[in-house]
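**Q** These are the residues of each chain, in order.
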Amino acid sequence: MRFLVFAEHHEEGFVRNSLGVLGKAASLGDADAVVVGAGSGLAAQLGKHGAKTVHVATGDDALQAPLPQPRVDVIAQLAPDYDAVLFGQSVLAADVAGGLAARLDAGLNWDLVDVELQEGELVGKRPALQDSVSVDVGWTSGPRLALFRSGAFDPQETGGEADTHEIDVELRDFSTRTKMIEQAHAESEGKSIEDADVIVAGGRGLGAPDNFTLAEELAKALGGAVGATRAVVDAGWYPYAAQIGQTGKTVSPKLYVALGISGAIQHKVGMQSSGTIVAVNKDANAPIFEFSDLGVVGDLHEIVPKLTELVRAHKG
Amino acid sequence: MRIAVCVKHVPEGPSRLDPSTKRLDRSGEGALNHFDANAVEEALRLKGDSDTEVVAISLGPQKALDSLRKALAMGADSAVLVSDDAAAGSDLVATSRLLAAVLEKQEADLVLFGQQASDADGAVLWAAVAERLGRPVVSQAMELSLDGGSVRVKRQTEFGYDTLEAPLPAVVAVSDAINEPRYPSLKGIMGAKKKPQDVLSLADLGIDAGEAGEPGSRTTVLALGDPPARGDARKIEDDGNAAQAIVDFLAEKRLL
Amino acid sequence: MSRPSNFPPPFSARDYVAEPTDPADERIEVGVLVVGAGPAGLACAIRLGQLLEEHPDVAERLGEVPVAVLEKGKQPGSHLLSGAVVDPRALRRLFKDRLRMEELPSYGPVPGESVYVLTRRAALPIPPPPPMRNHGNWIFSLSELGRFLAERAEEGGAMILPETAAQKLLVSHGRVVGVRTGDKGRNREGGELGNFESGSDLVAKVTVLAEGTQGHLTGVALDRFSLRGEDPQVWELAVKEVWKVAKPLDRVIHTMGWPLRTGKRYREFGGSFVYPMGEDLVTIGLVVGLDYRDASISVHDLLQELKTHPKIRRILEGGERVEWGAKTIPSGGFHSLPQRLHAPGLLLCGDGVGMVNVPRLKGVHYAIESGRLAAEAAFRALQRGETPASALSSYDDAVRDSFIWRDLYEARNMRQVFGRGFFVGGALASAMTMSKGRVELGKMRAEPDAEQPLLVTDRDSSYPAPDGKLTFDKLSSVFASGNKTRDDQPNHIRIERRVAREVAELWTHMCPAQVYEVGREDGDGTVLVDMAPSNCVQCGAITAKGGRLTPPEGGSGPEYTAS
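Residue numbers (this note's numbering), protein chains in the order written: chain V, 15 to 330; chain E, 754 to 1009; chain A, 891 to 1453.
Bear in mind the hints are in silico, worked out from the structure with no lab data behind them.
Among the hints, a few may not be true.
[Stated by the list, open to error] Restricting the straight-line Cα-Cα distance to at most 20 Å, the calculated cross-link-like pairs of lysine to any residue (SDA-like) are:
#	chain 1	residue 1	chain 2	residue 2
1	E	Lys947	A	Arg1042
2	V	Lys268	V	Val127
3	V	Lys320	E	Lys907
4	V	Lys263	E	Leu1009
5	E	Lys816	E	Glu933
6	V	Lys263	V	Ser164
7	V	Lys263	V	Lys320
8	E	Lys1006	V	Gly330
9	E	Lys940	A	Lys1134
10	A	Lys1134	E	Ser773
11	E	Lys940	A	Thr911
12	V	Lys62	V	Leu77
13	V	Lys193	E	Ser898
14	V	Lys329	E	Lys988
15	V	Lys234	E	Glu990
16	E	Lys907	V	Gly330
17	V	Lys62	V	Glu175
18	V	Lys62	V	Glu230
19	V	Lys234	V	Glu323
20	V	Lys268	V	His328
21	E	Lys947	A	Ala949
22	V	Lys329	E	Lys907
23	E	Lys816	A	Glu1045
24	V	Lys320	E	Gln997
25	V	Lys320	E	Ala1004
26	A	Lys1134	A	Ala949
27	V	Lys263	A	Glu1045
28	E	Lys946	A	Ala949
29	E	Lys858	E	Gly959
30	V	Lys193	V	Leu77
31	V	Lys268	V	Lys193
32	V	Lys320	E	Lys988
33	V	Lys234	E	Leu1009
34	E	Lys816	A	Pro995
35	E	Lys947	A	Gly1047
36	V	Lys268	V	Arg191
37	E	Lys1006	V	Leu77
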């Protein structure tokens, strides 16, 4: 099967998720990549993540800003030669994939966490209904379009070489009408908890409002935001804006650290799609341990200050 | 000026997938997708006291009129529902085709969407609709203003905040950070029923049954199963070294 | 010995009676205003629709909105919960030849029945006591029936206004002239949020309160117009679950005995019901009188315990819980009915005034019948254009002539003899079985639930640990009720926050939705009660046991669909 992977980049690097998708594609068949708006120097890096050929489209000024519609024009030109076009989910990639689906009348499955070949046919895996069920999804014709959840695959460095070649693109009139007035730069502003990659959340197990500093210090060390359960927001320990759960915010950071949180279902539905969940709780029977990747039974007042120190030391 | 807001009627209560059709069971009660309430609110904010017309548009079973009425109760001027048995089970390709067909007739200067559907977790429809309409699209808007013939949007991405501008007519998907939807007033609720509400079939849109529903779709659901267990879940007791164990774990997962 | 009534809530009915305040041109005017989209209110709206269709001249006089129905839940049915095995009499009278029973959303007639007395491991079948025989009755989900009735009411021209709480009773010159609806968009401290939407005066020629058990304005009206009956109202608390099951259940089951204790000092009276709902659903509930004394009693956890009984476990095996809910049942019976069911401009219906036949475990048909009779009384008064204070008295006459009155009057002696509520027939059988025929007759139950002195045992230590499959914790249950109440809103529950420890423990255990928690000790022997009001499913138990429930922001609370 021939795959084309949209290699998304921001400033001087590729988005990790799209590299992971590229590696996965290379493990299933022939994988090529498409880079829009970056120099070919950057494109060559994709070889070691599994790309055989990298299509580069840089010619037009309209391709520079990270806007979706010109990218639809680029990929629509290449897609007919491929069985599938894969994307790592992001604001930009979702808009490109959606537009491409309409342009090509091609099936798009999103929110996939895995994909495999079953008897030569591509099958995607999608968790649904708050991850309570896993759905196998397919495509009835090609090219097959797919968006993968952040963190679905780790990038693999297989160490190959990629041929890069520049392509000419014809842009549609409406594709270039949106103008970027000011583009975001990494960490240009603080992030809200919905957008944080790392969340350290505190629950009743913190014991007292002042102990939220434990969560805050750890969050700072990890470069993340602080969240809270409804119980502690109700008790006035932390502001409502930080509440995570059924009646608060729904978050899916790469790392979720739960401190003194029992894991009631109202909280669970707000954070269960987090990439990796680490929980510290002194109650060994707390439900949170049923859906944590690493559960630590112990006194968070002892563990967290040490952890914060170690994280700081590690980050040097 | 005319603003069209696309809204979805989503199932309420504990959702389930029907094992026979493998589709979301939509037989129970439903409500306006709460993310779409932000889009309705934004349209009403832009309308203000002006003579701008706000039309709410949905695609779904007859019951979806309930959600359109909610939009009308909030203050939308009229509603259009595309409801046809042959449209059930439409995927993105088919849904965007139907919506684009309705929107073509609406000639709206601005088409608004909410940031995602709470049932299907989809967040791509606006891009497909904009493509079919041949209009510029901007998603994740957290601030929106109209300036002469264009729309200016501040939006949030993984990397921070962008500012974009697109000439009208345009398609914009708003984030749920853009506003706090209003509560329909009692007068609004009472007046909603009398506002114009059109129900259209595929034939009314000039769309063949083969282009909608499952025949018009390009994706399919193959099987339902249990969710994958969380990989290598570990549970440890603190023996004084738990902090180190956590750091090792995070390092191994490359999360540091 | 502490009693909840030693700690009265900061609540005064007077605060909920007001003159209209909106400027006259901003008031919303309707013909008949029905408060509560339950069986009583919807039957009233449906009957009014039928009458107004036959008399367009009267409809004309009632203005643009002849009939409006206010509902505090997300939609009609959201707050409806019952067993429900329904006596079809009232539905047949309501629809006459317009609809047959088969056209209603039911699970068919009762296919058969069993009654058991339970011990921890055994189940002893006994012949169903006469009042508990259900031949000819039909099984419903009351929530589903409510949605169906609401659609019929709308077809008949009624305007249903969901997500709207009736906060205050509007009274002008001694006459009820409508209600004021609740504000929306206030924060915890009562401040206005950006999307604040003020309540409105909704004025009507006739106001019908059909609020169901623990109705907020019904309580206010009973005080305002001095209508309370001979005996105070008393309640039972029912907690129930709906299960999707692997194999169909072929009969309705009632149980008594375990997990309730027979010791006299506990005053634990009640029983359970297990009803089939078609091929793949079963509903199971436990009902316990709120005059119980042990502060460690939790009906929620007793229901969890009940499900571990081999007899019950077998029914649920391989199944999955799909919904959970809780509600109180008024059980004072005949002597607790208000002296009058009307006041100037006002009619009172259904569970709100306690129209429940305790030994027969039935009330839905009285609610429907009383709603129908209220519609006819309101219509007669409107037809004649009458407004004198006595115009609505024909409603009281009609209720006295109806089977409601007859049934409740007949049942009054049952209650006097056995002093007990729901399951009284069963309680008798149970007592006879347990005591091998030596039956001790109880006293009439006339003291309010909140005046029962409390004792504390370790009953709670034997509740089963939740396993997430058969047995559940309270928060999982609240989730299964569909409750998505906005957290950041004013507290709608009035209680004295500093109380004796036993009272705090009583509330903590009693509340099936984990609203209360025993908090800080205050040196003087009292404790502070911590609260999570957004968990509340508005069952009303707190009103029975020493607090006062008021309606939260419209649209809050459970979203029952199958209960």
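**Q** For each hint, tell me whether it holds in the structure or not.
**A** Taking the hints in turn, this is what the structure says about them:
Under the criterion of a C-alpha separation no larger than 20 Å, the hint pairing lysine 947 of chain E with arginine 1042 of chain A is consistent with the structure, at around 19 Å. Proximity of lysine 268 of chain V to valine 127 of chain V is assessed by CA-CA distance (about 14 Å); at most 20 Å being required, the pair is judged to hold. Proximity of lysine 320 of chain V to lysine 907 of chain E is assessed by CA-CA distance (about 40 Å); at most 20 Å being required, the pair is judged violated. For the given pair, lysine 263 of chain V sits about 24 Å from leucine 1009 of chain E by alpha-carbon distance, which is inconsistent with the 20 Å threshold.
Among the hinted pairs, lysine 816 of chain E with glutamate 933 of chain E is inconsistent with the structure: their alpha-carbon atoms are about 25 Å apart, more than 20 Å. Taken as a hint, the lysine 263 of chain V and serine 164 of chain V pair is honoured in the structure, with Cα atoms around 19 Å apart against an allowance of 20 Å. As the CA atoms of lysine 263 of chain V and lysine 320 of chain V are separated by approximately 29 Å, the hinted pair breaks the 20 Å bound. Note on lysine 1006 of chain E and glycine 330 of chain V: the hinted pairing holds, with a Cα-Cα distance of about 18 Å set against a maximum of 20 Å.
Of the pairs offered as hints, the one joining lysine 940 of chain E and lysine 1134 of chain A is violated, with about 41 Å between alpha carbons and a cut-off of 20 Å exceeded. Distance restraint check for lysine 1134 of chain A and serine 773 of chain E: the Cα-Cα separation of roughly 17 Å lies within the 20 Å cut-off, and the hinted pair is therefore satisfied. About 16 Å separates the Cα atoms of lysine 940 of chain E and threonine 911 of chain A, which keeps this hinted pair within 20 Å; it holds. The straight-line distance between the Cα atoms of lysine 62 of chain V and leucine 77 of chain V is roughly 25 Å, outside the 20 Å bound, and the hint therefore fails.
Proposed proximity of lysine 193 of chain V and serine 898 of chain E is supported: the alpha carbons are some 15 Å apart, at most 20 Å. Under the criterion of a C-alpha separation no larger than 20 Å, the hint pairing lysine 329 of chain V with lysine 988 of chain E is inconsistent with the structure, at around 25 Å. Distance hint between lysine 234 of chain V and glutamate 990 of chain E is unfulfilled; the C-alpha atoms sit about 25 Å from each other, more than 20 Å. For the hint pairing lysine 907 of chain E with glycine 330 of chain V, the CA-to-CA distance comes to about 35 Å; that exceeds 20 Å, so the pair is violated.
As the CA atoms of lysine 62 of chain V and glutamate 175 of chain V are separated by approximately 6 Å, the hinted pair is consistent with the 20 Å bound. Note on lysine 62 of chain V and glutamate 230 of chain V: the hinted pairing is violated, with a Cα-Cα distance of about 38 Å set against a maximum of 20 Å. Under the criterion of a C-alpha separation no larger than 20 Å, the hint pairing lysine 234 of chain V with glutamate 323 of chain V is consistent with the structure, at around 11 Å. Between lysine 268 of chain V and histidine 328 of chain V the CA atoms are separated by roughly 19 Å; this keeps the pair inside 20 Å, and the hint holds.
Proximity of lysine 947 of chain E to alanine 949 of chain A is assessed by CA-CA distance (about 18 Å); at most 20 Å being required, the pair is judged to hold. Taking the CA atoms of lysine 329 of chain V and lysine 907 of chain E, the gap is about 33 Å. The hint is violated against a cut of 20 Å. Simply put, lysine 816 of chain E and glutamate 1045 of chain A have alpha-carbon atoms about 15 Å apart, close enough for the 20 Å limit, and the pair holds. In summary, the hint linking lysine 320 of chain V to glutamine 997 of chain E is supported, as the alpha carbons are separated by about 8 Å, within the 20 Å threshold.
Distance restraint check for lysine 320 of chain V and alanine 1004 of chain E: the Cα-Cα separation of roughly 16 Å lies within the 20 Å cut-off, and the hinted pair is therefore satisfied. Restraint check: the Cα-Cα separation between lysine 1134 of chain A and alanine 949 of chain A comes to about 45 Å, which exceeds 20 Å; the hinted pair is violated. A threshold of 20 Å between alpha carbons decides the hint, and for lysine 263 of chain V with glutamate 1045 of chain A the separation of about 39 Å lies outside it, so the pair is violated. Distance check on the hinted pair: lysine 946 of chain E and alanine 949 of chain A sit about 18 Å apart at the alpha-carbon level, within 20 Å; holds.
Between lysine 858 of chain E and glycine 959 of chain E, the direct Cα distance comes to roughly 11 Å. Compliance with the 20 Å bound is thereby established for this hinted pair. Only pairs whose Cα atoms come within 20 Å are accepted, and lysine 193 of chain V paired with leucine 77 of chain V is accepted, the gap being roughly 11 Å. A hinted pair counts as satisfied when its Cα atoms are at most 20 Å apart, and lysine 268 of chain V with lysine 193 of chain V does not qualify at roughly 31 Å. For the suggested pair lysine 320 of chain V and lysine 988 of chain E, the alpha carbons sit about 19 Å apart, so the restraint of at most 20 Å is met.
Simply put, lysine 234 of chain V and leucine 1009 of chain E have alpha-carbon atoms about 12 Å apart, close enough for the 20 Å limit, and the pair holds. Straight-line distance between C-alpha atoms of lysine 816 of chain E and proline 995 of chain A comes to about 17 Å, which keeps the hinted pair within the 20 Å bound. A threshold of 20 Å between alpha carbons decides the hint, and for lysine 947 of chain E with glycine 1047 of chain A the separation of about 13 Å falls inside it, so the pair holds. Between the alpha carbons of lysine 268 of chain V and arginine 191 of chain V the distance comes to roughly 34 Å, so the proposed pair goes past 20 Å and is violated.
Taking the CA atoms of lysine 1006 of chain E and leucine 77 of chain V, the gap is near 35 Å; set against the 20 Å cutoff, the hint is violated.
Violated hints, in rising order: 3, 4, 5, 7, 9, 12, 14, 15, 16, 18, 22, 26, 27, 31, 36 and 37; the structure is consistent with all others.
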